[in-house]
Amino acid sequence: MDGRNYAYITDVPYRHFSHYRSKVLLKYRDPGQIVGEIESGENTRFIQPEPDLANFFTGDVAVKIGAYTYSSAIVFANTLQDFSIAPLVGEDTTGRSTQTGGIQFLNLIHSNLQMVSPRFILTRPNGELQMTGVKVSSL
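Residue numbers (my numbering): 81 to 219.
Treat the hints loosely; a few may be bogus.
What the hints assert, rightly or not - Cβ pair distances, simulated, as ranges:
(1) D172 to Y100: 20 to 26 Å
(2) T138 to G112: 40 to 46 Å
(3) Y150 to R101: 35 to 41 Å
(4) Y100 to L186: 18 to 24 Å
(5) T138 to K215: 34 to 40 Å
(6) G116 to P93: 21 to 27 Å
Rather than coming from a laboratory, the hints here were simulated on the basis of the structure. We treat Cβ as the ideally placed atom computed from N, Cα and C, and that holds for glycine.
Please take these sequences and the hints and turn them into a complete structure.
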(Lines of atoms letter the chains of each structure in order from A and count residues from 1; the text may use other names and numbers.)
(Lines give C-alpha, C1' and ligand atoms only; values in the text may rest on other atoms or scores of the structure.)
Protein backbone atom coordinates (compact mmCIF):
# COMPACT_ATOMS: atom_id res chain seq x y z
CA MET A 1 0.00 0.00 0.00
CA ASP A 2 1.62 3.27 -1.01
CA GLY A 3 0.94 6.80 0.22
CA ARG A 4 -1.98 7.38 -2.14
CA ASN A 5 -3.96 4.56 -0.54
CA TYR A 6 -4.29 6.20 2.88
CA ALA A 7 -6.96 8.38 1.27
CA TYR A 8 -9.26 5.36 1.00
CA ILE A 9 -9.11 4.26 4.65
CA THR A 10 -8.92 7.34 6.89
CA ASP A 11 -10.87 10.47 7.60
CA VAL A 12 -8.28 12.00 9.97
CA PRO A 13 -5.30 14.20 8.97
CA TYR A 14 -1.98 12.34 9.23
CA ARG A 15 1.75 12.66 8.65
CA HIS A 16 4.34 9.94 8.08
CA PHE A 17 6.95 11.30 10.50
CA SER A 18 7.28 14.09 13.07
CA HIS A 19 10.97 15.04 12.79
CA TYR A 20 13.83 14.37 10.41
CA ARG A 21 17.60 14.57 10.44
CA SER A 22 19.25 14.46 7.03
CA LYS A 23 22.66 14.85 5.38
CA VAL A 24 22.69 17.05 2.27
CA LEU A 25 24.18 15.22 -0.71
CA LEU A 26 25.11 16.86 -4.02
CA LYS A 27 22.74 14.54 -5.84
CA TYR A 28 19.73 15.56 -3.69
CA ARG A 29 20.40 19.13 -2.64
CA ASP A 30 17.94 21.96 -3.04
CA PRO A 31 18.95 25.54 -3.87
CA GLY A 32 20.69 27.11 -0.88
CA GLN A 33 21.63 23.83 0.77
CA ILE A 34 25.30 23.10 1.46
CA VAL A 35 26.62 19.65 0.60
CA GLY A 36 27.67 17.72 3.71
CA GLU A 37 25.57 19.72 6.16
CA ILE A 38 23.27 17.92 8.57
CA GLU A 39 19.78 19.39 8.60
CA SER A 40 17.01 18.63 11.03
CA GLY A 41 13.52 19.87 11.57
CA GLU A 42 9.89 19.20 12.29
CA ASN A 43 7.44 17.92 9.74
CA THR A 44 4.48 20.27 10.19
CA ARG A 45 2.71 19.15 7.01
CA PHE A 46 -0.34 17.04 7.72
CA ILE A 47 -1.97 15.30 4.80
CA GLN A 48 -5.69 15.97 4.63
CA PRO A 49 -7.98 12.97 4.09
CA GLU A 50 -10.38 12.69 1.17
CA PRO A 51 -13.50 10.99 2.63
CA ASP A 52 -15.61 12.04 -0.38
CA LEU A 53 -13.80 9.62 -2.71
CA ALA A 54 -16.12 7.27 -4.57
CA ASN A 55 -14.15 4.23 -3.35
CA PHE A 56 -13.73 5.40 0.28
CA PHE A 57 -13.79 2.31 2.50
CA THR A 58 -16.02 2.62 5.57
CA GLY A 59 -15.45 -0.86 7.03
CA ASP A 60 -12.94 -1.95 9.64
CA VAL A 61 -9.28 -2.23 8.63
CA ALA A 62 -6.49 -4.14 10.41
CA VAL A 63 -2.93 -4.43 9.11
CA LYS A 64 -0.68 -7.41 9.69
CA ILE A 65 2.96 -6.76 10.60
CA GLY A 66 5.74 -9.16 11.50
CA ALA A 67 9.43 -9.75 12.03
CA TYR A 68 10.20 -9.04 8.36
CA THR A 69 8.17 -5.83 8.11
CA TYR A 70 10.76 -3.18 7.22
CA SER A 71 11.48 0.26 5.77
CA SER A 72 8.47 2.05 4.28
CA ALA A 73 6.16 -0.67 5.64
CA ILE A 74 7.28 0.37 9.15
CA VAL A 75 6.59 4.03 8.33
CA PHE A 76 3.14 2.91 7.15
CA ALA A 77 2.53 0.89 10.35
CA ASN A 78 3.68 3.82 12.53
CA THR A 79 1.26 6.16 10.78
CA LEU A 80 -1.68 3.78 11.12
CA GLN A 81 -0.93 3.22 14.80
CA ASP A 82 -0.13 6.79 15.85
CA PHE A 83 -3.29 8.20 14.28
CA SER A 84 -5.52 5.25 15.31
CA ILE A 85 -6.33 4.57 11.65
CA ALA A 86 -6.09 0.79 12.01
CA PRO A 87 -4.93 -1.73 14.61
CA LEU A 88 -1.72 -3.65 13.92
CA VAL A 89 -1.96 -7.42 14.28
CA GLY A 90 0.56 -10.26 13.94
CA GLU A 91 4.02 -9.96 15.49
CA ASP A 92 6.16 -7.00 16.55
CA THR A 93 8.66 -5.91 13.91
CA THR A 94 12.36 -6.51 14.35
CA GLY A 95 13.15 -3.33 12.40
CA ARG A 96 13.22 -0.16 14.49
CA SER A 97 10.16 2.05 14.68
CA THR A 98 12.39 5.09 14.06
CA GLN A 99 13.43 4.54 10.44
CA THR A 100 16.46 5.44 8.35
CA GLY A 101 16.67 5.63 4.59
CA GLY A 102 18.07 7.24 1.49
CA ILE A 103 21.27 5.21 1.44
CA GLN A 104 24.60 6.63 0.36
CA PHE A 105 27.70 4.74 -0.74
CA LEU A 106 31.11 5.78 0.57
CA ASN A 107 34.56 4.36 -0.21
CA LEU A 108 36.85 4.05 2.79
CA ILE A 109 40.08 5.94 2.09
CA HIS A 110 42.74 3.39 3.08
CA SER A 111 41.07 0.14 2.04
CA ASN A 112 38.78 1.37 -0.74
CA LEU A 113 36.08 -0.87 0.75
CA GLN A 114 32.59 0.40 0.03
CA MET A 115 30.39 1.34 2.96
CA VAL A 116 26.63 1.90 2.86
CA SER A 117 25.13 4.44 5.24
CA PRO A 118 21.66 5.96 5.63
CA ARG A 119 21.22 9.59 4.61
CA PHE A 120 18.31 10.43 6.91
CA ILE A 121 16.45 9.36 10.05
CA LEU A 122 12.70 9.77 10.55
CA THR A 123 11.04 9.97 13.96
CA ARG A 124 7.62 8.34 14.11
CA PRO A 125 4.57 10.63 13.77
CA ASN A 126 3.85 10.82 17.52
CA GLY A 127 7.32 12.31 18.13
CA GLU A 128 8.71 9.30 19.97
CA LEU A 129 12.29 8.43 19.00
CA GLN A 130 11.68 4.69 19.39
CA MET A 131 14.67 2.43 18.77
CA THR A 132 12.67 -0.77 19.23
CA GLY A 133 10.33 -2.49 16.81
CA VAL A 134 6.74 -1.50 16.09
CA LYS A 135 4.48 -3.22 18.63
CA VAL A 136 1.22 -4.88 17.64
CA SER A 137 -1.90 -3.20 18.98
CA SER A 138 -3.56 -4.53 22.10
CA LEU A 139 -7.10 -5.33 21.04
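Results for each hint:
{"no.": "1", "hint": "D172 to Y100: 20 to 26 Å", "result": "holds (24 Å)"}
{"no.": "2", "hint": "T138 to G112: 40 to 46 Å", "result": "holds (45 Å)"}
{"no.": "3", "hint": "Y150 to R101: 35 to 41 Å", "result": "violated (20 Å)"}
{"no.": "4", "hint": "Y100 to L186: 18 to 24 Å", "result": "holds (21 Å)"}
{"no.": "5", "hint": "T138 to K215: 34 to 40 Å", "result": "violated (27 Å)"}
{"no.": "6", "hint": "G116 to P93: 21 to 27 Å", "result": "violated (35 Å)"}
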